[in-house]
Structures are given as C-alpha cells and as structure tokens.
Amino acid sequence: MVSIKILSQLACFCQILYLASTATSVTIVDETVDVAENSEANALLKWKQSLDTTSQDILSTWKVVTPCKWEGIHCNNSNSISTIDLANYGLIGTLHTLNFSAFPNLLILNIYNNSFYGTIPPQIGNMSTLNVLNLSTNYFNGSIPQQVWTLRSLQGLDLFQCELSGEIPNSIANLSNLSYLDLGFNSFSGHIPSEIGKLHKLEYLAITNNQIFGSIPQEIGMLTNLGFMDLSENSLSGTIPETIGNMSNLSQLYISNNSHLHGPIPSSLWNMSKLTVLNLYGNNHSGSIPASIENLANLDELGLDYNQLSGPIPSTIGKLTKLTYLLLSFNNFSGSIPPSIGNLINLEMLGLESNNLSGTIPATIGNLKRLTYLALSVNKLNGSISQILNNNNKWYFVLLAENDFTGHLPPQICSAGSLSSLSAHHNRFTGPVPISLKNCASLSRLRLEGNQLEGDISQDFGVYPNLEYIDLSDNKFYGQISPNWGKCPDLDTLKISNNNISGGIPVELAEATKLGKLHLSSNHLKGNIPKELGNTKSLIELKISHNHLSGDIPKEIGSLQILEQLDLGDNQLSGTIPVEVVELPKLRNLTLSNNKINGNIPLEFRQLQPLEYLDLSGNLLTGTIPRQLGAVIKLNCLNLSRNNLSGSIPSSFDGMSNLVSVNISYNRLEGPLPKNRAFLRSSIESLKNNTGLCGNVTGLMLCPTNRNEKKRKGVVLILILMLGALALVLCGVGVSMYILCRKARKKEAEAKRKEASENALSEEVFSVWSRDGKIMFETIIEATNNFNDKYLIGVGGQANVYRVEFPSGEVYAVKKLHLEADGEKPNFKAFENEIQALTEIRHRNIVKLCGFCSHPRFTFLVYKFMEGGSLDQMLSNEKKAFAFDWEKRVNVVKGVANALSYMHHDCSPPIIHRDISSKNVLLDSQYEEARVTDFGTAKILKPGCSWTTFEGTLGYAAPEFAQTMEVTEKCDVFSFGVLCLEIIMGKHPGDLISSLLSSSSAAITHNLLLVDVIDQRPSHPHESVVGDVILVSNLAFSCLSENPSSRPTMDQVSKTLMMGKSSLPAELPMIRLGQLL
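Using mature numbering (1 follows the signal peptide of the UniProt record, and there is no 0), the letters of the sequence shown map in sequence onto residues -25 to -1, 1 to 1052.
Derived from the structure by calculation, the hints contain no laboratory data.
Computed from a predicted model, the values in this text were never measured in an experiment.
Even for Gly, the Cβ is constructed at its ideal location relative to N, Cα and C.
Treat the hints loosely; a few may be bogus.
Pairs of lysine-lysine residues, derived as DSS-like cross-links and limited to a Cα-Cα distance of at most 27 Å, are as follows [stated by the list, open to error]:
1. LYS470 <-> LYS518
2. LYS470 <-> LYS451
3. LYS650 <-> LYS839
4. LYS344 <-> LYS413
5. LYS663 <-> LYS1030
Simulated restraints on C-beta separations [stated by the list, open to error]:
6. GLY502 <-> ASN321: 48 to 58 Å
7. PRO265 <-> GLY65: 46 to 56 Å
8. SER118 <-> ASN852: 18 to 28 Å
9. ASN575 <-> ASN852: 42 to 52 Å
10. ASN221 <-> GLY141: 23 to 33 Å
11. GLU998 <-> HIS523: 23 to 33 Å
12. ASN763 <-> GLU785: 33 to 43 Å
13. ASN852 <-> GLU785: 40 to 50 Å
14. GLY622 <-> VAL438: 29 to 39 Å
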C-alpha cells in the first residue's frame, strides 16, 4: 500500500516539475560574462559560502564562470536562472543568506532531501514567478511565513517531512494555481481551513502525520480535480462529509488513524467509481458496508480495519475483482465469510481477524492463488482448513488463532519456503505438525499452543535461522528437546510447557545467545539444570517447574543479570539456595517451592531489590527467617510454609506496606505476629501448625502480657500492705482532708492552664522536630526571603507551596496556608486536619510530615520535598509524559492504592482523604514512586459522620456526595478510579466517563479500543506490562460504579494489583472498553 502511495506522489510531482520546466530552455552563454556583474551568480556564491565545508566541496563547479554551467542550475533563453535543483545533494546549512530577490525568473526551487535547517525566510515571497517550491525532507522549523501564501504562480508546494509547525492559514486560498500540496510529516496544528475548497486546480493533497484537529470541512468536496488525498495520522473528529462524493476524479483516498472520526462511512463514497485505494483504517467508524460497494469496481486496496463496523460482509464485495488488499480486521462484522470472496483472484492480503465471524471457511478461498497473507484469528470460525489452505503454497503470514478449527494443519503450508509467521494457537487442531515446517528456513514466528497436536518434538522440528518466537505449549508432544534449538541464532522465546517431553535439558540451548524466555514447565524432564544456562545473558524468564529435575541449583544462574522470573518449583532439587540467585538485580519472581532444598534462607536480600513474589514452600529449610527479608519493600507475596524454620518473625516485617499475601504454616515459628496487615488478616490456614505463634487472629492464642505476672506478685504485696494497713489509717484520715482542700484549687489552676494552652495553639505552635522550632521558623523565613514568589512551586485553594533549601543542603516543601478574608487568621481547621491525619499515619506512599508551625504571621507545614513534582504537572508536560512509561505509570497506581488501603483499613478509625486527584499525588525524581499529599480535607471517619460543604476537586468527587453529603471510603475509591484513568489516558477522563453514563453514546464508547484510548505519548506498552495496564483499566472502571456498594474496597484493589492477575487476555490491540466494564 505504501509503495502505491509513494509512486503516486512521485508521479504527480514529477508532472508538476515537467510542466514548470517546459518554459525553461537551457543554453550555453559566453564564458566571458563577468560574474561580478551577474547578481544571480553573486547571490549563489554568497549562499555557498554560508554552507558547511563539505557542502561547499560538493558545489565545486560553482566558480567564476557563468552559473548556467553550474551543478544543479538551469537557465532560460535569456541566460537567467530558471531552475535551482539541488535535490539529494547532502547539503547542510540555512537559507538565510540566499538573496531570493536576485532571481527574477526563477520557476523551480528544489532542495529536496538535504539537511537544511532553521526557519524559512520570509524573503522567499519575493520570488513572484516561482512555479514549484520543494523544501521537503529537511530540518526546517517554525511556521510557514505568510509571504509563501502570496506566491500566486505556485503550482507545486512540497514541505513534506520537515519540522514545521503552526496552523494552515485561510490565505492558502491565494494559491489558486496550485495543483500539488504536500504538508505531510510535520507538526502543523489547528483546523483544515474551509478556504482549501477554493483550490480548484488541486490534484494532490497530503496533510498526513500532523496534529490537525476538528472536522473535515464540507468544502473539501469542491476539489473536483483532486486525484489523491491523504489526511491520515491526525486528530480529526466528527464524520466524513457526504460532499466527499463530489470528488469525481479521486483515485486514492487515505483518511486513516484519526481515532475521533466516527459515524457511518458516507453513502456517497460507495459511488466513487474511480477509486483505486480506499484506506479508512484506525478510525471509529460504525455502521455496515452496503451492497453498493460493488460500484468501486476499480478498487485495488480496501483498508477498513480497526473500526467499529458491524453487520455481515456483503456478498457483492466479490465483484471487486481488481482487489489485491482486503483488510477488515478488528471490527464487529458477523455472519459467515461470503463465498464470493473466492472471485477476488488478484487478492494478496485478506484480513478478517478479531470480528464475530462464524461458520466454516468457504472452499472458494482455495481459488486465491496469489494470497500470501491470511488473518482469521479471534473469531468463531470452525471446521477443517487443511485442504482449503493446502491449495496455496505461497503463504507468508497465516493467522488462525482463537477459533474452533479442527482437523490437521495443512501439511504443505511452507512448501514454497516463504512462510514467516504461522499462528494457530488455541484451536482444536489434532494430528502431526505439518511436514513442511521441519525445513521451513523462512519461519520467524510459530504459535501452536493450546491444541491437541502430537508427535516427536525432536524429529518434527529442524534448524531455523530466522526463528524468533515459538510456543508449542499445552499439546501432546513427546520425545526429547533437540539440541538444534541452540542453533537458532535469533531465537528469543522458546515455550514447550505442559507436554510429555522427557530427557534432560540440552546444554546446547545456551548457544541461543538471544534467548529471552525459556518455558519448559509441566513435562517429564530429569537430570540436572545445566550450569551453561548461565551463559544466556539475555534470559528474562526461566520457567522449568513441575518436572523431575534434581541436583543443586547452579550458582551460574546468578550470572543472568536481567532475569526477572525464575520458577524452579515442584522438582527434586536439593542443596542450598545460591546467594548469587538471591542477589539477581532484576529478579521479580522467585519460586523454588516443593523441592528438597535445605540450609538457611540467605541473608543477602536487599531493601531496594525489585522482588515481588517469593515462594520457598515445601522444602527442608532450617534456621530463622532473616530480618533482611522483611526489608524488601516491593515484596507482596511470601510463602515459606512447610519447612523447618524456627524462632520468631523479625520485627522488620512490621513496615512491609506492600505485602498482601503470606503463608508461614507448618514450621516451628513462635512469638507474636508482626504488626503488618498481611499477617494480621491472614487466615489460620496460612499460620497453623507452628510451635508458638500468637496474635489477634482467629485460631491463634493471644500473646501473653505482663499483667498476669503482676497479679501473682501482687498477692505478696497485698499481704504486706494488710499488715501495715492499721498503721496507715490514722495517717490516711489526715491526708484525705488535706487532699480535699487542695482539690478545688487544683481544678481551678488546670482550667486556667487549659485556656492558656488553647490560646497559645492558635497564636504560635512549633512541632517537636528534633531541633529548636523557633530556629527552624527563622531559617525557613530566611531561605524563602519571606515567602518570595520566586520560591513558589505550587498554588492551591487553601495554600501555596514553596521549595526551601536549608544551608545544610536539605530540601523541603513548605505549605503555607492562605490568610482568610479578614487578612488575619489562616485556615486553622485545614491546618489541624492535616496535622492530625499525618501524625497518626506512617506509610511509604504517603508524604512525610517533617514539621509544622502556627504563628501570628504565618501558618505552614513542612514536608519532605519530592523532586518529581505533582502528577498533574507530569501529565501536562509533553516531554515528561513521553518519559513516563507504562511500568512507571503502573507503579504510581499501585503506590496510591497502597496508601489508600492503609488509610482505610489499617488506621483506626479509618482516614478518608476526600481529595484524591492528580495534583495531590507527588512523584520521586525517577517518576516511579508515588506519595499521596494534601490532607487538608481529610477526615477521621467516625460513625454517622457527614458534612454540609463540598471539599475536594471537581471532576474527581463521587456522585453520591453531592446528594447525601455523607463521606465514606467509597468516595475515595471513586476518585481513585478517575485518577487511574487519568494516568492511563494522559488527561482527565471527564468526557469518557460522561459518555459512558450517557445512554446515547455508551454503545459507541463501549466499542472503543483500549489501545486508542491510552496515552499515545509514551511508547506502546511492552509485553511484560500489557497485562498490568489492562488490569489497571479494569479496576478503574469498577471503581467508577455509580452504586457505591458495587465499588471494590481499596484493600481489594491493592491486593489485586499486587497479584497482577486479569481475567482478560493480555492482548492490548483487541481489548475494547466494554470488556473492562
């Protein structure tokens, strides 16, 4: 498709150049012409001197002779320069020293594909005779100068692939002779001006890959001479106007990847009989394809994939016999594949994947001898395909996954040796692997998992020089793993889990130096784990659980410095846990369960290592649980059950705020449970059968206190006291009378002190900050120059925030409360709220309060400074948002969830924040760690609490709060849902939420693809984080339920995020919003 587009572009532009050059007659003039008197030559020589030295060398013919003989210069019959053609010369420089006024007869200026930079000089407008201006594929920036739009003789204007910006002005209508306009691959913004419809001679229009927004103007239909139009890769919205059908000469139409374009495809378009290319993919079109599509008899390419089209595929599509590409994937088409598709004998690509198609594949597809690309994955198709696809031996891509196909795979599918990708996973295929696959050297990707295929795996596969990915899991393969897999130099993923494979793991696998994922679990492998695997430095995942492997865990595994997942569970491994494995810097998941591993748990766990999941259960481990393990801050799942561990659980586990699941049953542990929610909320099943564990958990005994011991000792004391009681009676009478006299005076004094204390609190309060409060007050005032605005980093409704650097180099954020309307008293209520909330909670995802002060002049709080700033600032900054990748975004969501879970479920009474929003989430310098801040509106939740005024941020508050004014934890849950979507989308999701709640737009919104909704600024999520992005989106929508009782608790949200399990497949391009609700 791209090749046709480029050829059209070149053909059209070459025609413009030819027409413009017909007025140019090149002649040789007298070489004695004095160049000093030739203003054109002087202008070019002066410009040449401004270019870099390499460019000057390239233009070596530009010397003291007539310029008509110079490289790239052509003259007319009057010996005046008519053409400057320096395309593809590799020149570097600017146009600022070129005297455009020196060329009164210039018709063509072509500097395509060089390295010119800087702005386009406005003096370019002095070339009033110019017919063709081609500045494309350079590095020009800034906007197009207005003077360009005064060049009324222009027939061709090509600014393709520069770095230009600004809007397309209405004055474009001045270029009434223009027949070629290419503004593609720049950064133009704004609307397409309706005046573009006045360019009646225009034959070629390209504005692709810009930032154009708004609707396509109705006036576009006035361009009746247009043969090519490309508006792809913008942010156009609305519907395609019906007037497009007036463009009777249009041959190629590209309006793809404008995700806000919606509505049905205009009916007039189906009558544009000259169309050869129609590409509308990646929009949000709805409706069906009418039978009148048969009118497009000249169509060569039809791309309607990635839309919301529905209904059956019309049988009349079979009349488009010139079609080579038919792409309808990722829509909602239903019904069967029409047999008439078999009439499309020129078809090379057929894409129907990710629809709701059913039935069998029509036998007529076997007629398509030129077909090389067939995509039918993710439908409801059934039946056998072997014979139908076996008629063609030119396959390149065959995608059949996630249907209900049965029978054998086509045996000759790679007989021509051209097959690159075969995806047939999750069907019901049976029988052997196609015989032609064994020597299919072209193969790069093979997915056959989730079928009932069988055969000897050592015999059915060969050596594949281009293979990158192969998954044979969940089949009935047997035999041994061939050493030949090590001879696949590009192999990245090898998965053969859940088969009947026997023998050992060949050491030759280590020769596949690019191997990143090796999954061999649930087979019958035996022998040792080869130490040579330590040489596969690219390995990220090693999963070989549920086998019969024995021997020690090789310490060489510790050489895999980027290994993230290691699962060796359910084998017969022995020996100790290698320290080198525990020290792996990227390891997130370590499973060694149900082996015969002995010795102590290593001490080498580190606080900042990324370990999230640790399962050492079902082994012979002895000794105590190391305190270092309790310092691993990211650990969320821990299983140490069924070992011989003893001693008490270290107190370092108290601060493990991310830990959500723990199992320590069947050991010899004793002593109190840690003060950690994962332990205190565990069931007895996770704690039972230990020697002497105690704690406030049903099924465990309570821990003893010193009270009982004191009672026993008290008996002896009572006897002694009784003996002396008589002697004390007389003294007691006297003392009692004395006390009665003093009591009245004491009450009066206490009342006075209380009154004085309360008055002092509102006048001047300093925190206990391990320093002198007054000195700190003076230091802060001095460091901010009396709270000068140049230190201001944030402005809020109740306070301003300042960055304060102490002489010691320590940096803090100081939040100074605003004065009230009378100019005297600050908002002391918010001040008290924040102090009360932050002094009662301690959590790594909640901003740390370092100090506070209330003074007649200033009232402020002092926090730890967060270098990354607030989340809303991050998302509004294009450069920072680009660097804010998906792993960081997921981590921020997890951090906020952990903080709210702690506040709601681990504080007594619970604390409700009431203002969760992107401005109240702070980030560290790496944008990976989130901390919740601004507790000025927080409330300590007590039964029956309600408020009469709104507190919070509009757009985040739960809908029920406006009705009942009752605050519950579910108010924070709703705000958290909004925040999650904001992080996913890169902007506030107000419009999306409104459309979901609207009966008129909900259906359209449900059909939106998640991949189109997520923030487009960072790179698309990598495979390792796609599941987390889908899970966050799923949880976000559940938090936004209109019914508060239907929302999850933050404890449930936090645990779900830590477990990282989503019920949806981790295939981002296919997930629609409706699946997440």
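We went through each hint and held it up to the structure:
no. : hint                          : verdict
1   : LYS470 <-> LYS518             : holds (9 Å)
2   : LYS470 <-> LYS451             : holds (14 Å)
3   : LYS650 <-> LYS839             : holds (25 Å)
4   : LYS344 <-> LYS413             : holds (23 Å)
5   : LYS663 <-> LYS1030            : holds (22 Å)
6   : GLY502 <-> ASN321: 48 to 58 Å : holds (55 Å)
7   : PRO265 <-> GLY65: 46 to 56 Å  : holds (51 Å)
8   : SER118 <-> ASN852: 18 to 28 Å : holds (23 Å)
9   : ASN575 <-> ASN852: 42 to 52 Å : holds (49 Å)
10  : ASN221 <-> GLY141: 23 to 33 Å : holds (29 Å)
11  : GLU998 <-> HIS523: 23 to 33 Å : holds (30 Å)
12  : ASN763 <-> GLU785: 33 to 43 Å : violated (19 Å)
13  : ASN852 <-> GLU785: 40 to 50 Å : violated (26 Å)
14  : GLY622 <-> VAL438: 29 to 39 Å : violated (54 Å)
The earlier numbered hints that this structure contradicts are 12, 13, 14.
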